[in-house]
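> Each chain is listed here by its residues.
Protein chains: 2
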Amino acid sequence: MTERVIGTSVPKRDGADKVTGRTRFLHDLELPRLAHGKILRARHPHARLLRIDTRRAAALPGVLAVITGADVEQQPFGFARDQLALKVDKVRCVRDEIAAVAAESAAIAEEALALIEVEYAELPAVFDPVAAARPGAPLVHEERGSNLTDLRYQFSHGDVDGAFAEAAAVVEGEYRLNFVTPACLGTMVAIAEWDLEDRLTMWSTTQVPFLYQRDLAQALGIGGDRVRVHQPPVGGNFGRGLDLYPIDVIAALLARRARRPVKIEFERLEEFVACPTREPCTIRLRTAAAADGRLLGRDCHVVIDNGAYVSWGSTTPYVMLSTVAGLYRCPAVRFDTTIAYTNNPYSGSMRGYGNLESTFAVESQMDELAAKLGLDRLELRRRNATKPGDAHPQGFAIGSCAMGECLDALGDTTRGLPPPARGWRRGVGYAGMFHVGGGARIYKSDGCGAIVKCDDFGRVSLITGATEIGQGSETVLAMIVAETLGVPLARVEVVNSDTAVKPWDVGVHASRTTFIAGNAARLAAEKLRARLVAMAAGELEATVEELAVGDGWIFVKAEPQRRIAYERAARTGHLREGGQTLVAEAFYDPPTAMLDKDLRGNVSAAYGFAAQAVVLDVEEATGVIRVRRVVSAHDVGRALNPGAAEGQIHGGIHMGLGYALSEHLVVRDGQILTASFMDYAVLKAEDMPELVVRLVESIDAEGPFGAKGLGESGVIPVSAAVANAVHDAIGVRFTELPITSARVHAALRAGPRD
Amino acid sequence: MTERVIGTSVPKRDGADKVTGRTRFLHDLELPRLAHGKILRARHPHARLLRIDTRRAAALPGVLAVITGADVEQQPFGFARDQLALKVDKVRCVRDEIAAVAAESAAIAEEALALIEVEYAELPAVFDPVAAARPGAPLVHEERGSNLTDLRYQFSHGDVDGAFAEAAAVVEGEYRLNFVTPACLGTMVAIAEWDLEDRLTMWSTTQVPFLYQRDLAQALGIGGDRVRVHQPPVGGNFGRGLDLYPIDVIAALLARRARRPVKIEFERLEEFVACPTREPCTIRLRTAAAADGRLLGRDCHVVIDNGAYVSWGSTTPYVMLSTVAGLYRCPAVRFDTTIAYTNNPYSGSMRGYGNLESTFAVESQMDELAAKLGLDRLELRRRNATKPGDAHPQGFAIGSCAMGECLDALGDTTRGLPPPARGWRRGVGYAGMFHVGGGARIYKSDGCGAIVKCDDFGRVSLITGATEIGQGSETVLAMIVAETLGVPLARVEVVNSDTAVKPWDVGVHASRTTFIAGNAARLAAEKLRARLVAMAAGELEATVEELAVGDGWIFVKAEPQRRIAYERAARTGHLREGGQTLVAEAFYDPPTAMLDKDLRGNVSAAYGFAAQAVVLDVEEATGVIRVRRVVSAHDVGRALNPGAAEGQIHGGIHMGLGYALSEHLVVRDGQILTASFMDYAVLKAEDMPELVVRLVESIDAEGPFGAKGLGESGVIPVSAAVANAVHDAIGVRFTELPITSARVHAALRAGPRD
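One line per chain: the protein sequences are A and B, in this order.
Numbering-wise, the first sequence is residues 0 to 753 according to numbering that gives the first Met the number 0.
Numbering-wise, the second sequence is residues 0 to 753 according to numbering that gives the first Met the number 0.
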């Protein structure tokens, strides 16, 4: 039968409440007896802590608790368990937490912070990972004896040296990607409350609630069974919630000390200082191609500025490698990394997660190869496009794949645009994208649970493990359930914000929710539907096979007027002797594998592809870049909600354009210089170009209704396409982001076109 | 194996939070943009509404909405669908709602009420149901043509007239039971919020959330699928939440009009006026017995003052009949009722639900029969005590029954008590109790659903349909799950307050939660345990049959040291290829039937029994009664939590003593004269006697771990035992409650002992 909900552009469920100001964000949450916490951070990026005197702060009226690392029991935490929430002995970056205060109000807590006396002995610091990796560099963690982290990603496939030896063209370059920050409109918040049985309830910005439950318990030295996590609506997250952070641990420590619930809410300045960033890195890449444009090999080395502590952001080479090895067919690949501690702030995960960076390098070189070989830039990409059934060097099993169709779908990218004004030069740039689209097994489980129930009124609830951080999962999961059950969408409620209620999910990351949680929801709904149809079969005097569902009815396929409403079928099954109510549960874990020690394995049950074209004009006199149009073609498997899919892509392009053109968290000598929206240039609505989205449907065999993940694919190729368009316009190749007007202007003045 | 949790006196889970002031009651709930509602009520008990002018109220700054019955769409609701939330044309009692205001604050709303002008034309009123039933009485609902409701409960079993003809002794009397009110410390509250898709969320004092969902939707003329109900902690309920009330409908109507969430919270005075009461009634009872004390027959007629509208309180004859027919073996029974509208406030359901009233009559007559026949009062009861396997005249299947043991367990009731002081006379009174203890099928489903999940940390959640109103269901249900799964109790969370999350339950009433929801929880936990044990079997290299669970471990019975922790077993099952998480669901509906038109059927899967003895002293000069001791022996099937069971009985006795001695909501000419705790005498802690509770375990075959319901059995026999004790002390038979000192004093002065 025809689908009625899937494939329609239903408005996002949280949209109306958000635009009318009704949403109760985590920030809006108040609890009885709520105390307010503030954190004192390091003045210096690297210093020994000689003395912390909190007595004056503690004496301030209204102060409920003052704690330092010396006062509390805490365990190391973080990806490498290399930090304490409240630092002891020394600080390693300016984000470092030294003390915290809980008070009757945030203002009192702030005032108390100023009364804490800290005596430092400054230490020599290191801010560059290459310098940090050299012998004799100041040690960020002395006990390690080196600034090199334990992380190193080495991969080799095929005859790389042979590939370069036989190549008709070789290009190479070094690409510098600077600090950017997600700049969520909702800052980070943690609220902690202990009950009288010493169990902890947290309200958090986390996006991995069950891993957070585990990690927070470990940091506090308690069992995971003692932690309950609530996830109220957040104003953006974009990967920020993948790690546990000191804010969470400190809120819990303060609440325990104050014997009151404690809320820590970052102000904007603090968000710029303490929110994890995208990891800064340098990518050295060489690419070899044959005369016909066929890629022969790539050789890549990534240096990551790890900052003071290891986070999920330090593991982005996982994804960088996937792109180096798999964005276009490439038979030989070598990849290595240097990930070194510095006294800079540390990063976290951020939408696209390494892929923006590697795509920037890879796609810059695709243009350079085309130029060297005298091939059309799109044609070069078409010749190398991944196809269904391809073997990725890491062993990814490429199923559905419409990369070629995405390239074709870009079409005439400038049609209808007026020509550039006088003094402006136009350029068009292209970039492709390859990303996981069916989960990403970074943990032993990549699964999600779902419980579906239908009450006597035909009202349906989906209790899902999935986390909503604004990406629209509530909408699409409700649609999947509504479609599967054949009920109107408005009847489906999604419950997803309390670990005591929802079943397991590894969290929202890797564009996995529609695919993984969607499959779980579909499975549970199918079970429920089967039971409901069985209940209806008796009433309708028909066999189960003769029945279908739709619009809240169960009906005889051959005689649609022989039908029974869902709620009546539910009551018929319920309100009788031996009656049953309708509850069903399912768990979906995709058929994938974690990467092995050689970084091989099929990490995702599906892969996403996209191609973008950026049309922009550059003013020669000033270097100002005006993006006129972005065309973005995405293999989404199936567009469950085309409007929502477009919206995800729009948001991604916005973030990508900021990364390409304007956003730069300037960190000098370990200090953050751009700590407000006056300094940190997120693009505004008026800065945005025309956006043209083309959704290409490859109908994935494993995805729910054929869908694949999409959450990150909009943002990934943008900076590469912008750099290629700028080169197309003015002949200058930028290898560092952002490509600001000042840089363009300087380049235009400095030299001739290449 | 030995049980570790069941049978222990675990403190109530909500206890610590309540005594330390941490509980967030419904009253404490605030929402963003919350508006406050107030209701204008009738000045007269019966009057035509000639004019309502709300203009001045609407013009008051801060007023957001003013509504009357003329302004809103509403449907009739209530047990007999005989009222509108906002009355139109006329008022029928002083509780009647005429208009409502939503404003920025409760004070502004209150001020606005005073600005509403109402012009009445008073009508002749009727306040006595017998008078109301006579032809020519003022009609409460003119369109009905009579004040008789459609409710009538007629029952006949055996040869009643023959029984009285052959009796060695016949006693008869008329018993008057007056208005009392639950006097919950937490008044009634309703919060309503509409979303932008016109779906309604309610936060309510309801104790039947799914029936409330249905009834509220009907009253508002919307589908039940559009209503979501939250049940935050309440400060008492005692049956108050069994009906839908105007407060709920009006909150929803105001919220719709104001386009803001609206909270209506009764002040104490309003609670006395508008909270449903226990139904006032007059019971005419005759009892016939043989010379050896065997009961031969009973003949009963109950007149109920229905008040202005029919409520669940009007249906209490259902339960009165059960007691008349089944408290002690009685082969012939006749029962009839007159239930008439009056212009008094109407009642609702209240703990014990008709059974206090009928037990008062039945047990008063047991003493009178003993006196007439020259038999010991306890011996008379023992000779007539119900036994396992007895056939109840209505067809109740009596399974487990320890009535005789309860009578025996009363023991020497005065042992250790100092004798009465000079001028005081001591009396001892007895009463038995018979009540449903395994649900009560008042609706087509008497079932409850349960979902149990166990996370990777061994933390367990029970999502139950059951409603917690302070009775301790969270504690006992958590115990059942902990025992069944073999995990420490602290690991079990109970989730129970949101209809979008919890599965069906008919609600908390009829002492059914431990039995019904307990069985559902046990079934779901058993399913989960089976899956977990299967997961562990592989790890332990043992068969499922060889394994047992306890204290969070799964172990080999024969070698308890071969064991695996729950959380590890959960992770073992989850974190592998094809892994599964642990979620299980179950639904339990007891094997019972609704009463048929002849009021026959087995309404409950088990029945509870109890016997009480009251020892009291009466001061001859003043009539003051001082209760010295209450001994209460209860067949609870199995005491799952003896401390909590005792607590339930303590609370019941407190309420029963108030009913017997002090509580009286005085209603004169339809007006409530005792509308504060200065006038309405709830017993204080210092008024309470020594309480001795004896828990008798009959181990019910169907109950969870053998348990039967207990929530109401403490309150039911108290007033009868008190009346019998007073008679024992001073020879005066009181047939009306409460037996105040003034009444005793008057009786002592009026006449000689009988």
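No lab work stands behind these hints, which were simulated from the structure alone.
Misleading hints may appear alongside valid ones.
Pairs count within a copy or across copies, as identical chains cannot be separated in the list.
[As the list claims (entries may be wrong)] Heads up, simulated SDA-like pairs for lysine to any residue below, C-alpha to C-alpha not over 20 Å straight-line:
{"hint": "1", "residue 1": "Lys371", "residue 2": "Ala489"}
{"hint": "2", "residue 1": "Lys17", "residue 2": "Leu33"}
{"hint": "3", "residue 1": "Lys17", "residue 2": "Cys183"}
{"hint": "4", "residue 1": "Lys443", "residue 2": "Ala396"}
{"hint": "5", "residue 1": "Lys526", "residue 2": "Ala564"}
{"hint": "6", "residue 1": "Lys17", "residue 2": "Arg32"}
{"hint": "7", "residue 1": "Lys371", "residue 2": "Ser675"}
{"hint": "8", "residue 1": "Lys596", "residue 2": "Arg575"}
{"hint": "9", "residue 1": "Lys11", "residue 2": "Trp193"}
{"hint": "10", "residue 1": "Lys556", "residue 2": "Glu165"}
Only a predicted model underlies this, so the values are computations on that prediction, with no experimental measurement involved.
> Each hint: holds or not?
Verification of the hints:
1. Taking the shortest alpha-carbon separations for Lys371 and Ala489, neither the intra-copy value of 56 Å nor the inter-copy value of 69 Å comes in at or below 20 Å.
2. For the identical chains of this complex, Lys17 and Leu33 are inter-copy neighbours only, at 17 Å across copies versus 25 Å inside a copy, given an alpha-carbon limit of 20 Å.
3. In this assembly of identical chains, Lys17 and Cys183 lie within 20 Å of each other by CA distance solely inside one copy; the values are 15 Å within and 38 Å between copies.
4. Only within a single protomer do Lys443 and Ala396 lie at most 20 Å apart by alpha-carbon distance; the minimum there is 19 Å, versus 54 Å between protomers.
5. Proximity of Lys526 to Ala564 under the C-alpha cut-off of 20 Å is restricted to the intra-copy arrangement: shortest distance 18 Å within a copy versus 31 Å between copies.
6. Taking the closest pair of Cα atoms, Lys17 and Arg32 come within 20 Å of each other only across two copies (14 Å); inside a single copy the shortest separation is 28 Å, beyond that limit.
7. Proximity of Lys371 to Ser675 under the C-alpha cut-off of 20 Å is found in neither arrangement, the shortest distances being 43 Å within a copy and 93 Å between copies.
8. For the identical chains of this complex, Lys596 and Arg575 are inter-copy neighbours only, at 18 Å across copies versus 58 Å inside a copy, given an alpha-carbon limit of 20 Å.
9. Taking the shortest alpha-carbon separations for Lys11 and Trp193, only the inter-copy value of 18 Å comes in at or below 20 Å, while the best intra-copy value is 35 Å.
10. For the homomeric pair Lys556 and Glu165, neither the shortest alpha-carbon distance inside one copy (64 Å) nor that between copies (69 Å) is at most 20 Å.
Violation of the numbered hints given earlier is confined to hints 1, 7 and 10; the remaining hints are satisfied by the structure.
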